[in-house]
Structures are given as C-alpha cells and as structure tokens.
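Undergrad: Chains as they are written, first to last, in the working numbering: chain A, 772 to 1153; chain B, 250 to 527.
FRET-style restraints, in silico, Cβ to Cβ:
id, chain 1, residue 1, chain 2, residue 2, range
1, B, 517, A, 778, 29 to 35 angstroms
2, A, 1034, B, 517, 44 to 50 angstroms
3, B, 518, A, 1071, 53 to 59 angstroms
4, B, 388, A, 986, 39 to 45 angstroms
5, B, 388, A, 813, 37 to 43 angstroms
6, A, 1022, B, 294, 39 to 45 angstroms
7, B, 473, A, 974, 47 to 53 angstroms
8, A, 1120, B, 300, 58 to 64 angstroms
Listed next, the in silico DSS-like pairs over lysine-lysine satisfying Cα-Cα at most 27 angstroms (straight line):
id, chain 1, residue 1, chain 2, residue 2
9, B, 524, A, 775
10, B, 447, A, 818
11, B, 524, A, 777
12, A, 972, B, 342
13, A, 818, B, 517
14, B, 524, A, 818
No wet-lab data here; the hints were simulated from the structure. This structure is a prediction, so every number in the text was calculated from the model and none was measured. Every residue, glycine too, gets a C-beta built ideally from N, C-alpha and C.
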Amino acid sequence: MNNKIKFVQGNEACVEGALYAGIDFFAGYPITPSTEIAELLSMELPKRAGKFIQMEDEIASMAAIIGASLTGHKVMTATSGPGFSLKQEALGYACMAEIPCVIVNVQRGGPSTGNPTHVSQGDINQAKWGTHGDHSIIALTASNHQDVFEMTVEAFNFAETYRTPVILLFDEVIGHMREKITIPEQGDLAVVQRLRTSVKKGVDYHPYLPREDGRLPMSDFGSEHRYNVTGLFHDMWGFPSNNPKVVRELLHHLVDKIDNNVDQITRHREYWLDDAEYVLVSYGSSARSAIHLAKNRRKRGNKIGVLELQTIWPFPKELVRRKCAGARAVIVVEMNMGQVLHQVKSAVDNPASVFLANRIDGKLISPTDIKTLLRVIQGKGV
Amino acid sequence: MPKTKYDKEYNVKQYLRERFFPHIWCPGCGHGIVLGSLLRAVEELGLDPTEIVMTSGIGCSARISGYVNFHSLHTIHGRALAFATGVKLSTPKLNLIVPMGDGDALAIGGNHFIHAARRNIDITAIVMNNRIYGMTGGQFSPLTGYGQKATTAPYSTIDNEFDVVKLATAAGASFVARSTTFHATECIDLIKKAISHKGFSVVEIFSQCPTHYGRKNKKGDASNMMELYKKTTVPIGSKKLEQDPSLIERGIFVDNKEAPEYCDEYEKIIQTAMKGRA
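Okay, chain B solo, but in the shape it has when bound (with noise of 0.2 angstroms):
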C-alpha cells in the first residue's frame, strides 16, 4: 500500500461534535469524504477553532456544519454565503468556510456566489457537487447536465450544467480549484490553499451519492462512482487530454494573490472616512 496523507496521524475528533453524531448521510455518500479532508486542511494549518466560522445553507451538504466544533451558522436555502459576507466583513479576523452543495451555491444561491466572487471576500466556498438535490429524494441541479435521470426529469434532463470552475473563474473568485471524493488527499491540500489564500475561493468537489444520482443513473454503489472520478479526471494540462478531451480536469486553475481582497479593500475607505481620526 502507497503511503498517503491519510496514513498521517491526524486528530480530526477535536474538531467534531460527537454529541450530535450519527450524521444524517447515507452509506456511501461523498459528503463524509470531504468533511475528513477538510478537517485534515484545518489541523495541518493549525488553525485555531475559534477563528473558524462555517456558515452553510440547506440540503445534505449544509449539515456539515453542525457536526464541527466551530463557531457554526446553519442557515436558509441559497444565502449562506450572503450570510457568511455579513459574519467576515463585521470582524474580518474570523475565517469563513462555506460548505455547499448544488441548490445552495448554484441554484437558489447563484447570485450570492457570482457576487460573493465579484467582491473578492476573503471566504472559503467548498461546492460539493453530486449532480442532484439529496435530501429531497433526487431532483436534478443546475449541476446534473443533459440527459441524466432524476425525480423530477423521469424522461431525462434537457437543462445543461454550469461549469462550477469556469462560473467563478469569470465572476471574479480568485482561487478557483477542483477535485473529487476519490482524491481524498488531494482534497486537504487544494483546501489548505483554499483557506490560506486572502480573497474568494471556491474548491469544487465532486461528491458522490450512490443513493439518488447513482441509483437513477445507474452508476453503481458508491465505490464504482469513486471509481469514475478515478477515471474520467486528470490533473490539469495532462496529456491524457490530447486523447480523450471529455476528461475533466482536477488541480488549481486560478490562484491569483494580487487582487484585491474585500474586507483591506474597506479598512482604506475607513482611513479615508476618518480622515487619520483613527
């Protein structure tokens, strides 16, 4: 067996509530994948706990919130990053994680997440993305895509889906990364950028959920939908894409240091308000 991070010893438990456990998620979901790297991302940056805020709508994605032993907001459908704009731009010490799954950051919450990227907010978006509305029994998303079963498509989707990394990238976020479940590893480290880097940033994930998207679609138990992230991504620039350009790529495709982060950008309209009164 390769050594990986995961063979690292971690102390994820000091970060959870164990009072509120079990979780909600089903067996196999992605979710709980993406909850342990990014636990993993906060101790190897040792953050400290009560400088954390993780803010986070509705839907199975959201619940993560409640399991972590951080300063917690769990919100309303859509508004968690509006939310999240009010906690860092009121005491901008405090760091924002924002989990959320396709309705939240994309659908209903779509406007928050372009201007959220616009502004440049020094917030930490994590996109959990497994193609379908969970917790109300597997509707599809803005991130489903064409042709794909869901509840309320029994004939199939015709609406195409946002391209998560392309939509940040134009609205403004300047860290824009993607990986998937599989990739575990992976995960903490584009995290751990995430986190570190001052300004917005979106960490898309693909997360799988073998209990509605996998059994309407017909992609197996959760291990064979692990295994298709395995194959249908690679890291950025590979070569494998010269074949087989519907490879979807995996890596940090913007990291840009120099713009502008909001919560600075402030701080000088409050010197010029006070006129060096402060």
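For reference, chain A alone in the conformation it holds in the complex (with noise of 0.2 angstroms):
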C-alpha cells in the first residue's frame, strides 16, 4: 500500500482529484468559499508544467478555460455563487460548441452576495437552467472528501466522454470541512483522455458529426485540421447554419448524449433501503445529518434508510423511484427552499408521501432537524 493519507479541506481533496484526472489548465477568480481551489492550484499546477491563472473577472475565468480545452488541455474553473451567476453565459457557449470542462461551484447562501461564509444548496436549478436555451447539463456533487476526490475525476472523466461541461456542486461545509483522505494510486481510478480523431492530414474532419455511438472525436487547435467553431448553431463544419433541419438535429443531439446515458452517468450510494420504511434522500453534506439520524434511529428498531444522491444532472429519476417504491413515506433532506425535493416529487409514484426536511439560515441542516419532521410524519408529534 503505497497510497497517500492527507487530511484536507473539501477544497482541497477537490483539487487533488483534478491532479489525479490530469488537469493541466486552471482559470480562476477569487471567490468565498472556493478560493483555496485557486490557491492550491497556482502551487500545484507549476511544479507539472501545468498552466494557472487569475484572470480578471469570473466570465474571463470561464472562456480562458474554454480556449485551453480546444488546445487539448484538461481545464477547470472553481467559483461560488455570484461567479456562478457569471459564468452561464459562457457555460452555455461550452454546452453548445460541446468543449469539455469542469465548473466547480462551491455553494454558499444566494440570491445575490447572499450569505458568502454560511452553507446553502440553492444552486441546483441554476446548474440545470442557468444559462438559457433548452440544453442538457452533467452536475454532481459528494458529502465526503473521498467521494469529492472521486466525484472531481468523474467530471473530468465525464467532460472528456461526452464533450461537455460538467459542474461539481459542493457546498460550504463541504469546502471547509477537514477530513481524512486517501488518494489512491495511478490506475487505481479510471481516468479518460480525450478521444481525438484519427482522420489523416489533408482528409476532411468534420469536427461536429457524430460518430455511431454518439461521440465527436476532437482535433487540437495547433494540429494539422483547422476547422470553426462557435456558439452558433452550426453544421458538420463547424459553420453557423439556421437551416431548420441542423438546427433540430444539433439541439436533439446536445441533449439526448446526455439524457439518454442517465444510467452511465448516474452515481448514488444507499444506506439501509432494503427494508426502509421512510427514506431520506439527501446529497452533499446534508447527506451527512441523513445518514447519521438513520444510523441512530436503526439502533431504535426504527426502519430509515438514505438515497444519497451523487449525481444531481441528469436527474436520476428512475432511480429514485426504484429506491423510493417502496416507502411509506420520503424526506428530502437538502439546505434549499425544496429544489431537489421537486425532482423526487416527479419521479416517485405517489407524490404526496414525499417531505422536505430544509434549512435555509446558512447553517447545516442537523439529524435533530429531520428527526424533528420525522416525528409529525410517524404521527409522534414534535
């Protein structure tokens, strides 16, 4: 066992999990609580040849990252809220000209400067819907340093797979959190490189015509195929069209990559469903109070289980209402106004057994909060 032992911030495990996938390009601004991200990667990136900078602005943090990923680098850009708000725009265009990268936004409390110290999972929508325009969208998140270490090289991982952006959700207390974690050896983890094309020199690339499988191979800016690309809608070529039939056909194929590869992209864990009579359906570090209430009351004989969810887009219905089938009644335990507990709500087959267990003052949601619902739900008062 040659592995490391560290004991680090979220923050920090998030960025040892970029290094392990191999990032080579970070564009950042600084932003509460997201910043050690920026920090450490402007030590850490140097010593690989890897490239770091502080650029001007959030939006300019965003579209330098887009520009080092068509050069064939593994990019990523850390930011929280507000710099979340800022950077849609350009997310978009990445959605668009399909140009793999990572947005981790570590969320505090929002709208607005909001509550930049206090942890908050306001940002689920945003992350869906943020930037306009119908469009598909990967987002995960994790309620551990380990799985934030993983979830890091699975967005990576996924950015390269399906030519997309792909946003790490963590929260505050995520962030901020010190836990110990272990990284494991190269080869360990999978870790994807990017699919390049194996069309020759002087052959034409057509760089956004899918293969088969749904996959473009990619061609660095540098190499030997010059070809456009745009936030336009476009053809084969790259080049800008409005010809009803490409635009159709690219929006259909923007969003069924992703929606129709749920299952490829959907991580969970389960905790004690097999016979759950409530579930708990959390994810980040409200998961963490889920988790430790169920633990608890199962010592009380008491029948809870927990659905934490580590992938949030594509939401991951048909999961949730496999898990959920067969409870007398869900929680939804998550430090917003009730954004995933919408999701649950659609996917599970009676709507009306599904609860909101919330915090929304910028503190974490504790297991004493959920048991507190918990208990009207059993019909045990409060």
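Assembly of the complex is requested from the two constituent chains, each provided in isolation within its own frame, with the hints serving as guidance.
TA: What follows is the structure in structure tokens.
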C-alpha cells in the first residue's frame, strides 16, 4: 500500500482529484468559499508544467478554460454563487460548442451576495437552467472528501466522454471541513483521456459529425485540422447554420447525448434501503446529517434508509422511483426551498408521500432538524 | 497609377474558406478591406496556418474568423480576448489574432481589453472601429463619440468616445498602432509588425459602415467615407497637425520590445516551481 493519506479540506480534496485526473489548466477569480482551490492550484500546477491564471473576472475565467480546452488540455475553474451566475453565458457556449471543461461551484447562501461564508445548496436548479436555451448538463456532488476526490475525477471523465461542461456542486461545509482522504495509486481509478480524431492530414475532418455512438472525436487547435468553433447553431463543419433541420438535429444531439446516458452518468450511495419504511433522499453535506440520523434511529429499530445522490443532473428519476417505491414516506433533506424535492416528487409513484426537511438559514441541517419532521410524519408529535 | 502593395501577386485565397462565402457584410463595408490586409500580412510573414488561431466575439467584425482557414474560435460577445488568453497561455507557440468591433473591444469587452494589455500577453488585437453597432442595426458605440446620430441616439449622442490608442497605451499594450481602410497597404505593414511583435499588440483600423453610421450621419457612401479617412488623418508627427490639430494621427504609437511577455514570464514560474526538475 503506497496510498497517500491526507487530512484536508474538501476544496483540497477537489484539487487532489483534479490533479489525479490530469488537470493542466486552471483559470479562476477569487471567491469565498472556493478560493482555496485556486490558491492550491497556483502552487501545484506549475510543478507539473501546468498553467494557472488568475483572470480579471469570473466570465474571463470561464472563457479562458474553454480556450485552453480546445488546445487539448484538461481544464477547470472554481467559483461560488455570484461567480457561477456570471459564468452562465460562457457555460452555455461550452454546451453548444461541445467543449470539455469542469466548473466547481462551492455553494453559499444566495441570491445575490447572500451569505458568503455559510452553507447552502441553492444552486441546484441554476446548474441545470442557469444558461439560456434548451440544453442538458451534468452536475455531480459529494458528502465526504473521499467522494469529493472521486467525483472530481468523474467530472473530468464525463467532460471528456460526453464533450460537455460538467459542474461540481459542492457546498461550503464540504469545501471547508477537514477530513481524511486516501489518494489512490494512478491506475486505481479510471481516467478518461480525450478522444481525438483519427482522420489523417489532407482528409476532410468534420468536427461536428457525431460517430454512430454519438461521440465526436476532437482535434486540438494547433494540429493539422483547422475548423470553426461557434456558439451559433452549426453544421458538421462547425459553420453557422439556421437550416431548420440542422438546428433541430443539433439541439436533439446536445440533449440526447446526456439524457440517453442517465444510467452511465448516475452515481449514488445507499444506506439501509432494503427494508426502509422511511427513505431520506439527500446529497452533499446535508446527506451527512441524514446518514447520521438513520444510523441512530436504526439502533432504536426504526426502519430508515438513505439514498444519497451524487449525480444531480441528469436527475436519476428511475433510480429514485425504484428506491422509494416501498417507502411509507420519503423525506428530501436539503438546504434550499425544495429544489431536489421537486424532482423527487415528479419521480416517485406517490408524490403526496414526499416531504421536505430543510434549512435555509446558513446553518448545516442537523439530524435533530430531520428527526423533528420525521416524528410529525410518524404521528409521534413534535 | 502608382504601384502599391496591392499590386503585388498574393495568393490570399489559400487562407479563405470559400465554402463559407458569400460573406455577410454589406456592400461598401470596410471589414473586407481589413480582412484583405490581414491575409496579405499573414502571407508576407509566411506564417503556418496551423499555428494561427483567430478568436472573435460577436458582431459584423467577429464573422471574419469563420471566413479564414485558420483555427477559428467564434465566441460570445466581448469575451474573445479572454478565450484567446486561454488558448495562448495553454499553447504559447500559437499565434493569436483577435479581430474585434467597437463593442467586443471596448464596451462589453472593455475589461478584457485593458487586462490583456496589462498582462502583455502575446495576442494581436485588431480593433475595427466603425463607430457603430452594425449587426444590431446602428446603435451608438463607445467609439461613436459626441454629437452623432444612431438608432438609440435619435436626438444625438451625449456620450464621449474612447481614444483606443491612448487607452491601449495606458493599459500597458506594448505595440499600439492606428490606420484606416483607405490606407490598406499601410495596414498590411502595421498588422505584420503587430503579429511579429512579442507582447500584446493593438491595431486600430477605422472601417467604414456606410449602411448605418454613414447613413445616419450623412457621411455619404463608402467611397466618400474613405475619402474622409484620407482627409482627416495624417502620419504621426505630420506638419499638418500644426495647422489643424483636429487631424487624427496614423502609424505606430508604441513599440516596446523590452516589456516582459506573459507566457515567457509564466515559463519562469514553472522553472521555479520545478526547481530544475523539468
């Protein structure tokens, strides 16, 4: 066992995951509570001949990583709520132009400047719909630092596999809390490398002509194939088109390449679900409280289980429906006004049995907060 | 007829994606002249097209990137220099050329313009100043200036314009030049020098928009507007300035070869971080 054991913040676990996945370009702008990611990468990347740049603003950071991805690099930026808002237009560009990149959003309270140093999970829907227009997106999260590490590696893998921006939706508690992680050996976790075209020099390369499996091999800027990249609807050459067929087919492609692969993209954990009468659905730091409560109530004979979502988008509807099918009641535990609640209600067979245990005041939701609601649902009073 | 550089034999078609023509520019638009000068500059420099990345934003000017057979990155409004910064820093061997209109360069993209200049990153920005937002139909821009008409200034503008040369200079650009579409051969030279320059280079080119700016402000047709460029501009330091200080100077205002370039500086950071391990 040569594995490296470290005691780190979640933000550092994310950096370790990014380095494991082979990040070689980061652009960012300081913002609480994600700043440590930029600080650490400014130290680590040049040691590996990678590039770090502190840009003039959040928008520029998003733009810079897209540019660097096109030259064949693995890229990431990190931000929080206000910065995530600013990045949305360029994020949509990466969706449209199909450029692999990873965006970390260490969530804090919003809207606006909100509650910069306190926890929230209020950007769930923004991750899906923050940029304009129909599109699909991948968003992952984690509740502990080992998973932060692994989900960060997955984010890079999905970005390359599906040629899309991938969002890591961590939160302030996860970002700043310290915990042990074990960094696996290279090779222990799969790391997906970019699929590059095999089209030879002098033969027409169609940058936006999907293969039969829907994937589009890339060609790095600076290599022999010169092509156009645009945020306009475009044909197989990457050239702007408003031909209705081209527009319709491209939009379907952008959505289908992700939505048709929900099973491949879904990551989750489950605890004591087999005979669970009450299912807690949670994610991120709030899942820690859900797991803690379930563990304690199990000792008292209560049949409680937890479904922890690590893939938030595309929302794993079928998984949630299946796992909640036998439950008397489902409690969604999150720190917002019910953003995942809405998804769970639309996924399960009996939406009336789905309840929300939440906190929206900047404090981490506690096991007691969840228990209070559980007792009401169980008819045991407050 | 005097011989000009345009009389030389060029093969600019090799750099064009004829598949994507006709272009979208209006008859008389100056942007095609800028493109012509740019391609002649590239040809004279003998650059390898696979080492050129043209990055642009949104607007009439930005469409240039689609027509050239380089790597081309047509991005979002105002952010072309930020995308270009990512391309350049990640792969410094590439030549970055960024054609920009009034808005891309100095309105929505103004922040990126001054910061790219401040970093002195090796990118060539070509500001095609037509004093108007053309693609959206003739609204005033930060280069329109006071007392002009535009669709969003029906009574006349009260906004002052930026002086692109002074702004770029103050922000730290290490090569700054200005010309006009009337002076197409001069543009070839300036663009050549700008591309060859190691550092952030800015070439402002006055480019006529007869359709919107010209019509709204009764400047006549395209040839009239180009005649005006001839009459209202002079080479830097011209004696004519003494009689008429309102004349606008053309030429190279800044050519600082000593300023450290950003990617070179980052290489030093890598050397330090690796402590000789590289």
